[in-house]
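Residue numbers (my numbering), protein chains in the order written: chain A, 1 to 312; chain B, 1001 to 1274.
Hints are supplied without guarantee of correctness; some may be wrong.
Stated by the list, open to error - Dumping the calculated DSSO-like pairs for lysine-lysine here, alpha-carbon to alpha-carbon at most 27 Å:
#1 Lys20(A) - Lys1267(B)
#2 Lys138(A) - Lys1100(B)
#3 Lys20(A) - Lys1100(B)
#4 Lys134(A) - Lys1100(B)
#5 Lys1100(B) - Lys1267(B)
Worth flagging that the hints you see were computed from the coordinates, not collected in a lab.
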Amino acid sequence: MTDRDPAIVIEGLCKRYGEKRALDGFDLTVGAGTVQGLLGPNGAGKTTAVRIMSTLLRPDGGRVEVAGADVRTRAAEVRARIGLLGQNAAVDEELGGRQNLEMFGRLHHLGARRAGARADELLARFGLADAGSKAVAKYSGGMRRRLDLAASLIRRPRVLFLDEPTTGLDPRGRAEVWDAVRSLVDGGTTVLLTTQYLEEADQLADRIAVIDRGRVVAEGTADELKSRTGGDRIDVVLRDAAQLARVAALLPGEVRMDEDRRMVSAAVADRTAALTGTVRALAAAGIEAEDIALRRPTLDEAFLHLTKGAAA
Amino acid sequence: MSAIHDTDTAPAAGSRLGWAVADSWTMTRRELAHWARRPAQVVVGLLFPVMMLLMFGFLIGGGRGVDGDFRAYLVPGMLTMTMAFGLEATMLAVTQDLGKGVVDRFRSMPMNSGAVLVGRSVADMLQSAVGLLVMTAVGYAVGWRWHEGYASFLGALGLLLLLRFAMLWIGIHLAMVAGTPDMVQAVQILVWPVGFLSNAIASPASMPPWLGAVVEWNPLSATATAVRGLFGNPGAGGDSWAAAHAGLLAVAWPVALVAVFFPLAVKRFRDLGR
Chain A
1 MTDRDPAIVI EGLCKRYGEK RALDGFDLTV GAGTVQGLLG PNGAGKTTAV RIMSTLLRPD
61 GGRVEVAGAD VRTRAAEVRA RIGLLGQNAA VDEELGGRQN LEMFGRLHHL GARRAGARAD
121 ELLARFGLAD AGSKAVAKYS GGMRRRLDLA ASLIRRPRVL FLDEPTTGLD PRGRAEVWDA
181 VRSLVDGGTT VLLTTQYLEE ADQLADRIAV IDRGRVVAEG TADELKSRTG GDRIDVVLRD
241 AAQLARVAAL LPGEVRMDED RRMVSAAVAD RTAALTGTVR ALAAAGIEAE DIALRRPTLD
301 EAFLHLTKGA AA
Chain B
1001 MSAIHDTDTA PAAGSRLGWA VADSWTMTRR ELAHWARRPA QVVVGLLFPV MMLLMFGFLI
1061 GGGRGVDGDF RAYLVPGMLT MTMAFGLEAT MLAVTQDLGK GVVDRFRSMP MNSGAVLVGR
1121 SVADMLQSAV GLLVMTAVGY AVGWRWHEGY ASFLGALGLL LLLRFAMLWI GIHLAMVAGT
1181 PDMVQAVQIL VWPVGFLSNA IASPASMPPW LGAVVEWNPL SATATAVRGL FGNPGAGGDS
1241 WAAAHAGLLA VAWPVALVAV FFPLAVKRFR DLGR
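Using the sequences and the hints, build the whole thing.
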């Protein structure tokens, strides 16, 4: 395998649980050294896909290659080349942080001495050196997550899977995990990250695959996905919510109203024309606006747009 | 980061067995480390059967239908019952492991996949061996003796551990099939009637004939009777085929149970990926 080969290749992946199709013709290619986001609602199939890629679950159909090896026929090689940070803390809570890392090092066949040295190295790197002998059950959520991440990095993995790595963390814990992921990517690791947080995908991922009902409904950079919702938008915030409907009628194209924020939002084609046109139309109608702004669509809007398209 | 590279560890055929042993030992050490982290729980686990022994030996006493020294009859019975009750400890431990993500990490690593179960077995067997020694020591202190020499003594301990080994695989299998805290609790209650439907404490001679027949065929009765024979302690008597061939059954029952539950448990563990 060379650096140019993709780190992950998935073709026509299917997985059924009884009658339910968790994955239904899932295709994805992830370039080496990139961060790939998998974005989708609960039950879209993100975790199932990660469990198959990390050899925890056998696929019903399709081809899955991770770090150059087929997950079905060469699972042992895949396991030697990946790291997995699952949704539940995959560490032994009764043991200390160092005991955990040393144990995982031995199970990675580093040998006793190297396993111990590696444990100390990782504890220091993730700011857990002082808590090394404390039982993990007494760790904070962020500390536990960092230990879990350290355990995923015993051998420098070629591909690291992060399944909703910051779910349940406070903003500080989330920032800590994000920093750790960024520094890994600088080291050349390919990262596949699932998340329900659009902001997280936007912040960390080079490319994002939007998953809905077991398949990839859209794939691209964050900017590409945003532009697929119909480009830029104009937001008009009013003093008086009662006038929302009147303003909505003035704006062209697909219009969305937000009563709580007293805001009307519309997709626009030509930025300047839309801005001047809206200002003139509001003045002519005698409506006072508190704020008028042009902006790129948020990933939230792109996401809703893309998954709605798939359902139709 | 650069200190360790992702050189693949596809071990040569000879060293695969070596890694399997090393991984199993690492998993065993994990359990030993658990004990070191919760010494109180370990001590309580060892004292509970001792308490039962003392309770039946001194408070409740009597032993319905038992001829001769009841405590000499009781100690082998309690040793047998303690081995049988190990089932719940195994089931609880496996259930707790499966409920957390740590088994997922083991399964996503390049380790020997059987090591998780082997480590569990070795640790549970070690704990049971320690438990047996504590119980026999307490039995000795309250006047119980064995009369047939060390070879027989060790043979008796072997039969007891064989029963424990069978219970181990039943426990692992039950945890795989129905591993929820509710089910563990149900099993913890159900082992009591199964334990008492044996000749561990009372003699079948004291029971209605149909119940006595059930009791005589209980695997626990076979082990208890065979162990009493090896210790030279008074037995439960009875002239049924099961009572007459207790030694054979004390081996056949556990072997049959392992033959059924070991493959089932291993298959369940492999099928976690389905």
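### Task
Provide an ascending list of the numbers of those earlier hints which the structure does not satisfy.
none
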